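Participant: Read off the chains here:
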Amino acid sequence: MSPAAFKAISAQMQVLGNPSSLHTHGRSTRKALEDAREVIARQVNCLPSEVIFTASGTEANNIALKGLFWQGKAQGKNIVVISAIEHHAILDPAQWLADHEGAELITVDVTVDGVIDMNSLGKIINQHRNEIAVISVMHTNNETGTLQPISEVVALAGDIPVHTDAVQSFKKTPLSFAELGVYAMTLSAHKIGGPLGIGALILRRAIEIPALLHGGGQEREIRSGTLNAPSIVAFAAAAKDNYPRENVIALRDEFIAAVETLFPDVIVNGKNVERLPGIVNITFPGTQSDTLLLLLDSAQVSASTGSACSAGVHEASHVLLAMGHTQETAQSSLRFSFGSTSTKGDLDFIVSVLPDVIMRGRAANLK
Amino acid sequence: MKLIAAMSGGVDSAVAAARAVEAGHDVIGVHLALAANPQKYRSGARGCCTIEDSHDARRAADVIGIPFYIWDMAEEFHDGVVEDFLSEYAAGRTPNPCLRCNEKIKFAAVLDRARSMGFDGVVTGHYARTQISESGKTLHRAVDHSKDQSYVLSVLTVEQIAGAIFPLGDTTKVDIRKEAEARGLAVAQKPDSHDICFVPSGDNAGWLRDRLGSETGPIVDQDGNKIGEHKGAYTYTIGQRKGLGLTVPTSDGSPRFVLKIEPVSNTVVVGPREDLAITTMRGERPVWCGPQVSGTAQEGFVQVRAHGAALPCTYYFDGTLLVAELKEPLLGLATGQAMVIYDGDRVVGSATICQTE
Numbered sequence: 001m002s003p004a005a006f007k008a009i010s011a012q013m014q015v016l017g018n019p020s021s022l023h024t025h026g027r028s029t030r031k032a033l034e035d036a037r038e039v040i041a042r043q044v045n046c047l048p049s050e051v052i053f054t055a056s057g058t059e060a061n062n063i064a065l066k067g068l069f070w071q072g073k074a075q076g077k078n079i080v081v082i083s084a085i086e087h088h089a090i091l092d093p094a095q096w097l098a099d100h101e102g103a104e105l106i107t108v109d110v111t112v113d114g115v116i117d118m119n120s121l122g123k124i125i126n127q128h129r130n131e132i133a134v135i136s137v138m139h140t141n142n143e144t145g146t147l148q149p150i151s152e153v154v155a156l157a158g159d160i161p162v163h164t165d166a167v168q169s170f171k172k173t174p175l176s177f178a179e180l181g182v183y184a185m186t187l188s189a190h191k192i193g194g195p196l197g198i199g200a201l202i203l204r205r206a207i208e209i210p211a212l213l214h215g216g217g218q219e220r221e222i223r224s225g226t227l228n229a230p231s232i233v234a235f236a237a238a239a240k241d242n243y244p245r246e247n248v249i250a251l252r253d254e255f256i257a258a259v260e261t262l263f264p265d266v267i268v269n270g271k272n273v274e275r276l277p278g279i280v281n282i283t284f285p286g287t288q289s290d291t292l293l294l295l296l297d298s299a300q301v302s303a304s305t306g307s308a309c310s311a312g313v314h315e316a317s318h319v320l321l322a323m324g325h326t327q328e329t330a331q332s333s334l335r336f337s338f339g340s341t342s343t344k345g346d347l348d349f350i351v352s353v354l355p356d357v358i359m360r361g362r363a364a365n366l367k
Numbered sequence: 368m369k370l371i372a373a374m375s376g377g378v379d380s381a382v383a384a385a386r387a388v389e390a391g392h393d394v395i396g397v398h399l400a401l402a403a404n405p406q407k408y409r410s411g412a413r414g415c416c417t418i419e420d421s422h423d424a425r426r427a428a429d430v431i432g433i434p435f436y437i438w439d440m441a442e443e444f445h446d447g448v449v450e451d452f453l454s455e456y457a458a459g460r461t462p463n464p465c466l467r468c469n470e471k472i473k474f475a476a477v478l479d480r481a482r483s484m485g486f487d488g489v490v491t492g493h494y495a496r497t498q499i500s501e502s503g504k505t506l507h508r509a510v511d512h513s514k515d516q517s518y519v520l521s522v523l524t525v526e527q528i529a530g531a532i533f534p535l536g537d538t539t540k541v542d543i544r545k546e547a548e549a550r551g552l553a554v555a556q557k558p559d560s561h562d563i564c565f566v567p568s569g570d571n572a573g574w575l576r577d578r579l580g581s582e583t584g585p586i587v588d589q590d591g592n593k594i595g596e597h598k599g600a601y602t603y604t605i606g607q608r609k610g611l612g613l614t615v616p617t618s619d620g621s622p623r624f625v626l627k628i629e630p631v632s633n634t635v636v637v638g639p640r641e642d643l644a645i646t647t648m649r650g651e652r653p654v655w656c657g658p659q660v661s662g663t664a665q666e667g668f669v670q671v672r673a674h675g676a677a678l679p680c681t682y683y684f685d686g687t688l689l690v691a692e693l694k695e696p697l698l699g700l701a702t703g704q705a706m707v708i709y710d711g712d713r714v715v716g717s718a719t720i721c722q723t724e
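Residue numbers (this note's numbering), protein chains in the order written: chain A, 1 to 367; chain B, 368 to 724.
What the hints contain is simulated information worked out from the structure, not anything from laboratory work. Every value quoted in this text rests on a predicted model; they were computed, and no experiment measured them. Careful, some of the hints might be misleading.
Here are the simulated DMTMM-like pairs of lysine to aspartate or glutamate, each with C-alpha atoms no more than 25 Å apart in a straight line [stated by the list, open to error]:
| id | chain 1 | residue 1 | chain 2 | residue 2 |
| --- | --- | --- | --- | --- |
| 1 | B | Lys369 | A | Glu328 |
| 2 | B | Lys369 | A | Asp356 |
| 3 | B | Lys369 | A | Asp290 |
| 4 | B | Lys471 | A | Glu152 |
| 5 | B | Lys471 | B | Asp451 |
Derived, one-sided and incomplete: chain A residues facing chain B with beta-carbon distance under 7 Å [as the list claims (entries may be wrong)]:
| id | residue |
| --- | --- |
| 6 | Leu294 |
| 7 | Gly312 |
| 8 | Val313 |
| 9 | Ala316 |
| 10 | Arg360 |
| 11 | Ala363 |
Where a beta carbon is used, it is the ideal one built from N, C-alpha and C, also for glycine.
Okay, chain A solo, but in the shape it has when bound:
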């Protein structure tokens, strides 16, 4: 957690008061919470009333996708359109809507660079314009960092509600809710140095969608549940932190150059398009990424593989498969993340341990 967020959460945890209470303590907490809402609204260029706090980005995605689908269904619209590279927090609720709510799910392909295929999307919209309840396309991809052309998606969509999962983008790349023109947008605190377990759905003013959680009606009656004031206050504190974008980009590019020099056969996924500063996804041919992860972890370097199934077994990334990778090359890929606290020393250290890790990884992969 960022020092500012830690200070904010520690201070707020010592303050008594449920923000929904009408007494002095409650009002005091309410004041801190609404200040935080305004901070976040300013950061993403939306109205404070458009910020709905949730317990996670996953919850925000579920509220948006299911809520907008149900709203559309009430008007006879039954289609959910998503990109092939969405996070599981969109893929799975979309599949759930198809399995349990009678939705027709259309998945839009991406290019080899990992960007949504606008021609395909255009065709789908032209063909089904009056049947689509919601379109959800992430703002940037969590595995490759590639930016998606959300404004263009909105322009094509016209009146069709568009949601975007901007969890990875917030603070890392310019993000304006008003300029994007989407109906709904998802944020999460822990991706920007805030606490775990707090997120937000930015939902356009006066858009009413059915709720998932019913109860006290705290957040526009779209999200009930006592508000987690300490985490919300810390979320806002983290949102005010400066993100050293240029430094992170410089580190990332130096890392890519060093890796390409060491291993000329690597593939830097999404290299040809605009990406987030801190995410690098590299395919190391002839290796298995779970082996590399273990070896790197032993060398005190934390990297990640695409995803794991419920049994914890490493699976080929659906994002890389959608970009045209085979099972084998997708399973040879690792994501490295650089953050605001990463240094040149960190980079040099990773580069120094990589040759041994890749050599052992290749040896372990020879059947």
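Following the hints, position chain B against chain A.
Facilitator: Positioned in the frame of chain A, the structure of chain B alone reads:
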């Protein structure tokens, strides 16, 4: 040493990993995902392969304080163990899948991968011991004979034994549970597994029938006279008496036993108890757990079931087959099982039984 601890989620492998750490080794816990579509919860007497078990293994690794990863060995397990199990049954033999798993997965696929990655060996919670002697590292029975698992480890070559660490061989199971409790491991009282891990229902015959079909065929006596019908020859085992459903009784009313399973003609042969008796067994594809056995007959013991008795015998290697001649006749021995030779408590080697007489 740098070691990989194979952690099933059971109490034994958890204590084994903890002991390896305590002995000063640099240990990393690995849970082997062996089922392509694992069940969510444990049921019956299965001890691994469910998501619940992988969580138990992860929790044990966290309590012990070691890194933990899951290795996907489902494909290797299916090809090397499950397919072998099916084809052996289809060929009328009775395989032991735990033995194949040790041979092809834990001390082959896992050990090879570990060694390539720079590790020195694999720690498991098997009840067995190793000793360093003049002829190298040798494999021995566990102190707790009731839990001894040296039988299912007898397929390990000298090189595999060199990379195997069995920290539990000097302790009884009862004490391992107490130790797990004292170490704060939540799996201390987790039930033992007994069944075949990839047969979730525990109904081996039903599982085989689903995969191999249930083609009926004749049950015949030794003269070839049909005296009943079976529902899939591979669901019978040599020496089986019950459940044959014979319609023609013997003249003196004595019971009949399965003597032979002939997969090609899909026939089960039955006969009197005395015809089950064998005194010589021969095994193919021998594996030596120490020095190779010579052609000169030596005194020792042979064991033919995982928790069976050690039978006094003389044994030798005829150049192709491992031969054991029993001091006393044995009733009902199926081919496909492993014959494991012991010199006292040392495992000499093993082979797959292919002939009996």
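Participant: Hint by hint, where does the structure go against what was stated? Just the numbers, ascending.
Facilitator: 1, 4, 9
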